[in-house]
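Protein chains: 4
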Amino acid sequence: MIRATVWGENVHEHTNAIVGELYPDGLHGCIAAALNAAGGIAATTATLQEPEHGLSAARLAETDVLLWWGHCAHGDVQDEVVERVAEAVWGGMGLILLHSSHFSKIFKRLMGTPCNLTWREAGERERLWVTSRGHPIARGLPDHFELEHEEMYGEPFGVPEPLETVFVSWFQGGEVFRSGLTWRRGAGNVFYFRPGHETYPTFHDANVQTVLANAVRWAHNPAPRLTAVGDAPNVPVHKAPEKIEERGPKLHSHGEEGFR
Amino acid sequence: MIRATVWGENVHEHTNAIVGELYPDGLHGCIAAALNAAGGIAATTATLQEPEHGLSAARLAETDVLLWWGHCAHGDVQDEVVERVAEAVWGGMGLILLHSSHFSKIFKRLMGTPCNLTWREAGERERLWVTSRGHPIARGLPDHFELEHEEMYGEPFGVPEPLETVFVSWFQGGEVFRSGLTWRRGAGNVFYFRPGHETYPTFHDANVQTVLANAVRWAHNPAPRLTAVGDAPNVPVHKAPEKIEERGPKLHSHGEEGFR
Amino acid sequence: MIRATVWGENVHEHTNAIVGELYPDGLHGCIAAALNAAGGIAATTATLQEPEHGLSAARLAETDVLLWWGHCAHGDVQDEVVERVAEAVWGGMGLILLHSSHFSKIFKRLMGTPCNLTWREAGERERLWVTSRGHPIARGLPDHFELEHEEMYGEPFGVPEPLETVFVSWFQGGEVFRSGLTWRRGAGNVFYFRPGHETYPTFHDANVQTVLANAVRWAHNPAPRLTAVGDAPNVPVHKAPEKIEERGPKLHSHGEEGFR
Amino acid sequence: MIRATVWGENVHEHTNAIVGELYPDGLHGCIAAALNAAGGIAATTATLQEPEHGLSAARLAETDVLLWWGHCAHGDVQDEVVERVAEAVWGGMGLILLHSSHFSKIFKRLMGTPCNLTWREAGERERLWVTSRGHPIARGLPDHFELEHEEMYGEPFGVPEPLETVFVSWFQGGEVFRSGLTWRRGAGNVFYFRPGHETYPTFHDANVQTVLANAVRWAHNPAPRLTAVGDAPNVPVHKAPEKIEERGPKLHSHGEEGFR
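Protein chains in written order, with our numbering: chain A, 1 to 260; chain B, 1 to 260; chain C, 1 to 260; chain D, 1 to 260.
What the hints contain is simulated information worked out from the structure, not anything from laboratory work. Note that the structure is a prediction, hence the values are computed from the model and not measured. You can take every hint at face value.
Listed next, the stretches of chain A that the computed footprint assigns to chain B, with coverage defined by at least 3 CB atoms under 8 angstroms from CB atoms of chain B:
(1) 104-114
(2) 152-159
(3) 165-174
(4) 182-192
(5) 252-259
Even glycine gets a Cβ: it sits at the ideal position worked out from N, Cα and C.
Make the full structure from the sequences, and use the hints.
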């Protein structure tokens with residue numbers, strides 16, 4: 001079983017009647033239920049309001065893949081937790097960013113770019129096209145599928161060139177967007193998936209649920225979590241793989257740590 | 001003329017006799033002189049000790065390509081200046097990171113990874129191999145060249161997969177390193193180049209100087225600097241490229257800013 | 001001056017009245033004229049009907065960037081010429097493939113994939129979005145531009161993951177397409193640009209002409225053309241960069257060529 | 001169980017005494033035995049001398065991952081079989097190319113480049129470094145491992161930029177090589193692994209065997225094999241996802257095939 005943790009900001013579910021009705025168990029609850037029904041995945045949830053946002057070191061150590069949905073409270077996520085999640089990703093935890101999480105601290109932290117885009121909330125039609133036939137994340141999908149009501153996100157999307165472009169979206173209002181992109185950061189697989197505005201029933205859509213379950217399986221790195229992901233070990237002369245003699249001037253004393 | 005600014009930490013030049021003798025005008029001074037002699041490049045310098053580290057908004061606006069050498073004082077670079085440099089890169093300024101700058105705040109900021117490696121200061125031989133024949137950064141170089149004394153950096157190098165691998169280094173002690181890597185961040189071209197330990201005459205080496213001048217020309221984006229690189233503009237319904245009707249529930253009021 | 005050669009299949013211009021009226025000098029003639037007007041580019045033409053399709057070794061040696069437009073006569077291009085063009089690209093010649101050239105022999109040869117797509121000829125509206133802000137190929141363009149009548153090409157596009165995605169197209173009929181993609185093959189820069197169906201005035205469009213001139217400048221590799229691009233030289237023991245002794249069993253005799 | 005087919009050229013095993021002694025069951029037999037011992041993989045063999053080189057359509061349909069070792073008889077592989085293998089890869093079959101297979105027809109076909117390199121047969125030491133920590137192909141390996149006797153392959157390696165660089169080799173004689181590279185072609189995962197000269201016991205090495213089993217698991221695409229991988233279907237106006245009217249001049253008649 002792949003252990004997935006679905007992180008939800010969990011705010012609009014309680015402050016907006018439409019969102020509350022669409023997602024009585026929270027967006028995170030809806031997503032976790034879909035993953036648990038997909039087979040081979042054991043999904044639980046964590047939210048902003050829990051201590052350490054529900055993402056303690058112990059919890060991350062037991063998470064194979066983390067899904068992230070945030071929107072209005074990006075700024076409330078503690079920097080310390082963001083850094084902890086980043087280290088988990090570098091060590092091999094998968095990370096799936098959903099919709100408005102393009103502006104989450106963790107996504108911007110891992111991309112090194114602004115992650116911006118254009119947007120419009122008009123309930124327009126979105127059509128997602130598979131651009132990478134046979135990609136594991138697109139498994140079982142038709143060559144395209146529609147979401148009758150979605151928020152528009154438009155290009156340019158301020159992210160680094162991805163490893164792979166899996167989906168591109170067409171919008172009724174005339175825009176396009178690279179809706180499914182993959183990257184690798186350290187040993188961690190990262191996937192951004194565009195749909196998921198909280199006032200629409202997107203996470204109840206069967207195709208969207210297929211994408212999420214596929215993405216969890218794809219993002220899962222079965223290797224043991226790496227530790228010391230940021231270390232820069234000195235390899236002294238006597239431990240060099242080939243025998244060499246030390247020579248020339250030196251800046252560092254023996255056994256000294258490098259500068260950071 | 002491409003306007004290059006060579007940023008130097010400028011510490012060991014004054015605290016270590018060997019470094020001071022090798023680089024009486026600073027590593028930055030040596031590099032700038034080489035660039036100025038290369039043709040088509042007007043290089044000046046900036047240092048940690050200057051107000052705003054010599055990297056005011058005005059200075060960055062006049063910089064086409066920034067070269068960065070830092071080592072023992074990474075932590076002294078103000079976060080505000082790092083963010084300013086990042087925005088300039090996203091807007092189109094080229095950035096070239098040299099040697100120990102793998103651990104500079106700006107490089108880690110743009111990569112989203114730890115940027116770590118293994119190392120050994122033993123004055124061993126390094127041999128750089130061109131892995132991308134005909135790449136502009138390798139122009140005029142032989143298929144490989146040697147630096148008789150260098151610090152060793154070893155894999156794994158904790159960076160995202162690059163767009164291109166231009167050089168790979170062989171070390172006498174048995175390690176290898178991807179010594180020349182390119183990325184793009186926003187409109188800015190980014191190049192990391194490995195050699196350049198301050199106790200060796202690396203920046204006096206003709207091949208190294210060729211690489212640096214080539215890299216400046218490659219990194220130069222002649223388009224006007226982009227502004228508002230992080231904006232996420234709303235495109236209201238009446239400005240949608242295709243005529244649409246607003247429909248469905250809404251979270252945002254008209255004219256409202258998006259959440260960040 | 002960058003020396004561009006615009007290669008045209010030059011068939012429908014003479015067999016289809018609409019095409020002939022739109023492009024009295026051929027599509028290649030129209031494109032070459034636009035490039036010559038752009039500044040810094042000296043463009044000439046070559047066509048299928050000329051000896052060696054106008055692409056002799058001497059001609060390719062004098063070509064910095066080759067633009068290719070073909071459609072109904074892909075199969076008439078001699079394999080020998082295709083291989084010659086491929087070698088020129090590996091050696092550093094830029095190559096720009098236009099529209100229906102996705103099925104040209106040379107593009108399939110360089111991609112190693114089927115290069116297929118879906119299509120519809122209905123004169124529908126295409127809107128190209130810049131996905132890579134500040135990319136040299138998008139220089140001077142608005143964030144999107146329209147072609148009122150174009151043939152539709154739809155995803156999935158059967159090509160390898162590109163180095164960069166520069167444009168994505170929206171189509172009135174509901175499809176999307178990655179319309180501007182870059183790759184590198186050897187020392188040669190390769191760019192595919194989608195628009196350009198021969199029954200529409202696409203190559204008279206100012207934005208399209210801007211893209212083509214930008215692409216020629218981007219694709220130009222100023223380094224001398226590489227020769228012997230397919231050689232696999234033996235490096236005998238006495239020429240190894242480090243002194244080694246030959247040891248162990250051997251398959252090859254001294255001075256023998258490797259197997260191919 | 002992942003179904004792996006190990007293809008061996010099977011020539012030097014019978015014509016060279018050293019190879020015959022090292023690999024009494026052929027290199028392919030040795031590799032298949034190692035894969036079968038690894039767990040979760042059912043490996044069989046196929047050779048050049050069998051009808052259709054043992055790679056009939058039926059055989060490929062039952063192959064999840066194909067491993068390929070060839071050297072002196074690249075030219076004897078029928079083009080028809082090469083094309084059949086390419087189509088299987090595009091449809092989702094994994095492909096792992098070993099050592100001298102860099103010059104195999106199938107690898108050059110899929111890369112679109114010469115795939116050349118430099119070489120020396122001197123029994124020198126090779127040390128492979130993991131450059132992508134935590135990559136599935138490096139699972140269970142130390143950060144580096146050695147092969148005391150190997151043929152040297154040196155950069156530049158004439159291949160397109162990979163998706164990922166997993167290993168880089170150090171050679172005693174002073175060269176380096178990107179020894180483990182990944183690409184995707186259609187739905188198929190492709191991995192090139194450098195070691196494996198037939199006069200050395202490389203395929204008996206435990207670390208090499210670990211790499212091969214890891215690579216088979218990584219290359220395995222569990223989705224059903226795609227068919228019609230090269231089709232370019234017309235989407236007529238009445239089947240367009242959005243309602244449109246046909247307009248403007250046309251080149252194609254209704255129902256006509258596109259040009260190829």
